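For the protein sequence lines, the chains are A and B, in the order given.
In terms of this note's numbering, the first sequence has 140 at position 158, counting the first letter as 1, and numbering is strictly consecutive.
In terms of this note's numbering, the second sequence has 156 at position 174, counting the first letter as 1, and numbering is strictly consecutive.
It is worth saying that the hints were derived from the structure and are not from the lab.
In this text, all values refer to a predicted model and were calculated from it rather than measured experimentally.
Do not take every clue at face value.
Which copy? The list can't say, so a pair holds if one copy fits it or any two copies do.
List of simulated lysine-lysine pairs, DSSO-like, C-alpha gap at most 30 Å [what the hints assert, rightly or not]:
(1) 28 <-> -13
(2) -13 <-> 36
(3) 261 <-> 37
(4) 375 <-> 119
(5) 74 <-> 91
(6) 157 <-> 74
(7) 36 <-> 147
(8) 259 <-> 119
(9) 361 <-> 270
(10) 74 <-> 208
(11) 28 <-> 365
(12) 326 <-> 28
(13) 28 <-> -15
(14) 91 <-> 204
(15) 204 <-> 252
(16) 119 <-> 74
(17) 99 <-> 208
(18) 37 <-> 157
(19) 28 <-> 361
(20) 270 <-> 147
(21) 74 <-> 99
(22) 208 <-> -13
(23) 91 <-> 208
(24) 270 <-> 112
(25) 99 <-> -15
2 protein chains.
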Amino acid sequence: MAKRKVYLDNSATTYTRPEVVEAMLPYYTNIYGNASSVHSFGQDAKNALTEARKKFAQLINAESSDEIIFTSCGTESDNMAIIGLLEATNGKHIITSQLEHHAVLHTCKYLETCGYKVDYIPVDSSGIIKLDVLKEKITDDTTIISIMHANNEIGVIEPIEEISKIIKELNSTRKNQIFFHTDAVQTAGKIKLDVQKLGIDLLSVSAHKFYGPKGVGALYVKQGTKISPILHGGHHENGLKPGTENIAGIVGMTKALELANNEIESENKKCSMLREKLKTGILNLIPKSIINTDFSNSVSSILNVSFESVEGESLLLMLDMQGIAVSTGSACASGSTEPSYVLKSIGLDPVTAQGTIRFSLGRQNTHEDIAYVLEVLPKIVEKVRQMSPVWNKR
Amino acid sequence: MAKRKVYLDNSATTYTRPEVVEAMLPYYTNIYGNASSVHSFGQDAKNALTEARKKFAQLINAESSDEIIFTSCGTESDNMAIIGLLEATNGKHIITSQLEHHAVLHTCKYLETCGYKVDYIPVDSSGIIKLDVLKEKITDDTTIISIMHANNEIGVIEPIEEISKIIKELNSTRKNQIFFHTDAVQTAGKIKLDVQKLGIDLLSVSAHKFYGPKGVGALYVKQGTKISPILHGGHHENGLKPGTENIAGIVGMTKALELANNEIESENKKCSMLREKLKTGILNLIPKSIINTDFSNSVSSILNVSFESVEGESLLLMLDMQGIAVSTGSACASGSTEPSYVLKSIGLDPVTAQGTIRFSLGRQNTHEDIAYVLEVLPKIVEKVRQMSPVWNKR
């Protein structure tokens, strides 16, 4: 039995906060109507939905609650943003980055098979998109640029406002508007989202990354942005997302974002402190460790580290036996034996990339958790290295 | 204030059973890992998912749990079944019926704009699909036939096994297999689903129609049925439905179906009794009432009635003021002033169709509820008719 359970995989998913569960409960058994129904049961549900939408819009500084489409997850939001926009605008060309989440990358790969042109912009060694290449790739056909707000593996924050400025300038003289989408799944609840300040047209979030329930997300669609539904059915969510609204989930997500926004400064301060402690401990205690996260420009929750001559997967399993949960990359890509494309994009060689783990901190983590990791991890790395022919040959 | 609250709109949505909520709760705060994560938090979630999938497969008599894809709603299931199959098989021709739910009809309408050919088979006066027309419409290009199990407005049960037999016979000599999809959203939990006995390849359900939570559904995909994902991202659900699995929702849905299946006979008996009482009462107390539901072939929960010289919408609103929740048709189509296409398809003239309401019974309804409706409804119909110039001219 492990001495302690330490969950350091909060970028994969978080627990749902008890306050959030409590906010959701009435919508299972009491206020259970279909928000599309005309009678009072339906109207009570609709009122809850309207309130949640209004609140959610405020929380990300949208101009109007009409700009919020509730979805079933971040992946659906990303798909809807890109496919829905291209379909509505007869778009042809997409620009994205090499380190997007699979929800964007695989959507783009799919669209390539449908005849759309996609450019995948490279990033520098800290993971920041190369703006000069981005600018070069923009053509008259460019319809959408999709660049994530922060990366899920290394935590780097992309220069969204800068990209938005570039696009706005071009749009002022172009015939075909370029629309700007950002996947903010890793920043919602960690950075106070302000869609107007960011200057974006479309923004995706997912509740279960900020202590909300799984199975619910949102897409911000700026007024005037044409978008088609990608699922077909009833006229829910302004005709954009059919299916009976998941009121409990929507109320839960909104509550979770409200709580997270209220605590954003104190939580970031705590996370930064814990992350610094973890990093310093690792660098002091474990030789040949490489920090892949740029501390000057990343969400405070993520620390990505490579250990020379170690398999990340072995490390993960041995840490797990000691009660510590980390990941080798994105949970969505787990099970894959390929080295992370994100680490490859920042220039890590495949061998180093394979020796990498991601710690992602959350609100439940304590100094004691980090102390425990720093007690356990060096021994594990040492043990794995002792078994490694490469390490012993050094 | 109404003397009593009577919810008779259980086909629009149901409350979530407290036992179901209880089954879901651990997956918010305790077993909250991402089922794709390798560590114990993830594996605990994955175990819950695997168990739910196995149980769910048993509940609908699937051969293997691999045949179950968990989705975010019935609409997504329907879209995935039809679009996903056509994409994977390079299909060309779809056959469906005129009284499908919008999730199927609007998907087909969308596919027509993409160049697919769709035939919408008419139904007889009780809503049963015309099998001779269906047979005539099948061509070498036919890839999918999608016929609902029971209709959401009038409750009619379609001859799924018979259609399946026709298809099987044709498939035995055809080069291009015809696949058979049924939207079982209105029958799951009301008729014991047996996918093998029904002889279908694809079947959609939605949890919130059988006392499960909103925001979760399932698609049964028979082994050997090729299907492509319609959303793009991670490799969840056998590569068919990306996005972190909503474990709480999936566990809740499975629990709800298990409970419903266990009680199916007693509930149907009770519903049939209440429906009979409601029908007899209406026919005795309200002149010029027309029963649109075929009692010999329908789910026991639905009673669709037209009242001459009455606007269904007025009736709905006045019943609501007395605490009684009914609908004029599908909740998804509410707000529309068009007469129901389902009622039109069974031959009702537009005026009669406009004077229609649907009662849909559920497990919480009692004899007292029906007695209350029979106390209130005749007076309301009388009142509305008194204000009607048409009625007074008679």
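Hints, verified against the model:
1. Taking the shortest alpha-carbon separations for residue 28 and residue -13, only the inter-copy value of 18 Å comes in at or below 30 Å, while the best intra-copy value is 41 Å.
2. For the homomeric pair residue -13 and residue 36, the shortest alpha-carbon distance between copies (29 Å) is at most 30 Å, but the shortest distance inside one copy (38 Å) is not.
3. Taking the shortest alpha-carbon separations for residue 261 and residue 37, neither the intra-copy value of 37 Å nor the inter-copy value of 44 Å comes in at or below 30 Å.
4. For the identical chains of this complex, residue 375 and residue 119 are neighbours neither inside a copy (46 Å) nor across copies (73 Å), given an alpha-carbon limit of 30 Å.
5. In the homo-oligomer, the alpha carbons of residue 74 and residue 91 lie at most 30 Å apart both inside one protomer (14 Å) and across protomers (24 Å), since each shortest distance falls under that limit.
6. When the C-alpha separation of residue 157 and residue 74 is checked against a cutoff of 30 Å, the pair qualifies only within one copy, where the shortest distance is 14 Å, while the shortest distance between copies is 36 Å.
7. In this assembly of identical chains, the alpha carbons of residue 36 and residue 147 lie at most 30 Å apart only when taken from the same copy (27 Å versus 51 Å across copies).
8. Neither within a single protomer nor between protomers do residue 259 and residue 119 lie at most 30 Å apart by alpha-carbon distance, with minima of 41 Å and 70 Å respectively.
9. Taking the shortest Cα distances, residue 361 and residue 270 sit within 30 Å of each other inside one copy (14 Å), while across copies they are farther apart (84 Å).
10. In this assembly of identical chains, residue 74 and residue 208 lie within 30 Å of each other by CA distance both inside one copy and across copies; the values are 15 Å within and 29 Å between.
11. In this homomeric assembly, residue 28 and residue 365 come within 30 Å of each other (Cα to Cα) only across copies, at 29 Å, whereas the closest approach inside a single copy is 58 Å.
12. Proximity of residue 326 and residue 28 under a CA criterion of 30 Å is satisfied inter-copy only: 29 Å between copies versus 47 Å inside one chain copy.
13. In the homo-oligomer, the alpha carbons of residue 28 and residue -15 lie at most 30 Å apart only across protomers (23 Å), although the nearest pairing inside one protomer, at 48 Å, exceeds that limit.
14. For a Cα distance limit of 30 Å, the shortest separation of residue 91 from residue 204 qualifies both inside one copy, at 25 Å, and across copies, at 27 Å.
15. Proximity of residue 204 to residue 252 under the C-alpha cut-off of 30 Å is found in neither arrangement, the shortest distances being 33 Å within a copy and 50 Å between copies.
16. With identical chains, the CA atoms of residue 119 and residue 74 are at most 30 Å apart within one copy only, with a shortest distance of 13 Å there and 37 Å across copies.
17. Taking the shortest alpha-carbon separations for residue 99 and residue 208, both the intra-copy value of 20 Å and the inter-copy value of 27 Å come in at or below 30 Å.
18. In this assembly of identical chains, residue 37 and residue 157 lie within 30 Å of each other by CA distance neither inside one copy nor across copies; the values are 35 Å within and 55 Å between.
19. For the identical chains of this complex, residue 28 and residue 361 are inter-copy neighbours only, at 29 Å across copies versus 56 Å inside a copy, given an alpha-carbon limit of 30 Å.
20. With identical chains, the CA atoms of residue 270 and residue 147 are never at most 30 Å apart, being 40 Å at best within one copy and 67 Å at best between copies.
21. When the C-alpha separation of residue 74 and residue 99 is checked against a cutoff of 30 Å, the pair qualifies both within a copy, at 6 Å, and between copies, at 26 Å.
22. When the C-alpha separation of residue 208 and residue -13 is checked against a cutoff of 30 Å, the pair qualifies neither within a copy, at 47 Å, nor between copies, at 42 Å.
23. Taking the closest pair of Cα atoms, residue 91 and residue 208 come within 30 Å of each other both inside a single copy (22 Å) and across two copies (20 Å).
24. In this homomeric assembly, residue 270 and residue 112 come within 30 Å of each other (Cα to Cα) only inside a single copy, at 29 Å, whereas the closest approach across copies is 74 Å.
25. For the homomeric pair residue 99 and residue -15, neither the shortest alpha-carbon distance inside one copy (53 Å) nor that between copies (63 Å) is at most 30 Å.
In this structure, the hints that do not hold are numbers 3, 4, 8, 15, 18, 20, 22, 25, in rising order.
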